[in-house]
Amino acid sequence: MPHKILKPDFHERHVSQGAIESLSAPVGRIITAWSFVDQNVDIWIREVFHLETGNGSKRPGKALADRIKYLKKSQKRLKISPAAAEIADSLIKRIEAAAAVRHALAHWALTHFSEHNEKGEGAAIFTKLSYDPLGDPVVEEVMYTVQMLRDQADEMIKLAFILQKINESLMASR
Numbered sequence: 028m029p030h031k032i033l034k035p036d037f038h039e040r041h042v043s044q045g046a047i048e049s050l051s052a053p054v055g056r057i058i059t060a061w062s063f064v065d066q067n068v069d070i071w072i073r074e075v076f077h078l079e080t081g082n083g084s085k086r087p088g089k090a091l092a093d094r095i096k097y098l099k100k101s102q103k104r105l106k107i108s109p110a111a112a113e114i115a116d117s118l119i120k121r122i123e124a125a126a127a128v129r130h131a132l133a134h135w136a137l138t139h140f141s142e143h144n145e146k147g148e149g150a151a152i153f154t155k156l157s158y159d160p161l162g163d164p165v166v167e168e169v170m171y172t173v174q175m176l177r178d179q180a181d182e183m184i185k186l187a188f189i190l191q192k193i194n195e196s197l198m199a200s201r
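Numbering (the working numbering), first residue to last: 28 to 201.
No lab work stands behind these hints, which were simulated from the structure alone. These numbers come from a predicted model, not from an experiment.
Distance condition first, Cα-Cα at most 27 Å in a straight line; then the derived DSS-like pairs of lysine-lysine:
#  : residue 1 : residue 2
1  : Lys155    : Lys89
2  : Lys89     : Lys100
3  : Lys89     : Lys99
4  : Lys89     : Lys192
5  : Lys100    : Lys85
6  : Lys85     : Lys96
7  : Lys89     : Lys103
8  : Lys106    : Lys120
9  : Lys96     : Lys155
10 : Lys106    : Lys192
11 : Lys185    : Lys120
12 : Lys99     : Lys85
13 : Lys96     : Lys120
14 : Lys106    : Lys85
15 : Lys99     : Lys192
Start from the sequences and build out the full structure, keeping to the hints where you can.
Take a look at the structure:
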């Protein structure tokens with residue numbers, strides 16, 4: 028799910044107790060589901076590293092970007108079939124999208140919640156404030172509806188189960 032970057036507008040921003048209650052379940056599911064996705068990414072890397080033993084491969088760093096780069100490079104080194112490479116690429120894209128959502132929810136600030144948008148559902152805005160190299164502030168915002176968060180949680184749970192099945196197959200092939 029790509030981020031929708033909004034122009035900052037800090038007029039009448041507030042987050043009510045009702046907003047927190049509306050967001051608790053879907054955000055909690057996302058954070059929990061991410062732990063299973065992340066764990067299965069680590070297992071996938073372990074299994075690929077085992078397959079690459081003797082190819083001079085080095086273990087990736089702990090950052091997700093390093094682990095994703097490792098998985099992408101390993102596809103070329105292992106010379107997997109085009110169909111398997113396509114599946115791996117698709118899974119990697121889904122992992123990256125899930126990670127972006129989880130990162131915004133876990134590390135950005137919840138700055139606004141609208142009880143109802145044009146579709147009649149609640150929408151939350153998460154904001155990140157950083158500074159460019161010259162010291163000027165840079166504000167990024169992303170908006171998620173409650174339904175988008177529910178859908179993302181479901182997607183992450185499905186992704187964790189898919190990765191688990193792949194890992195089971197890799198372990199069985201040893």
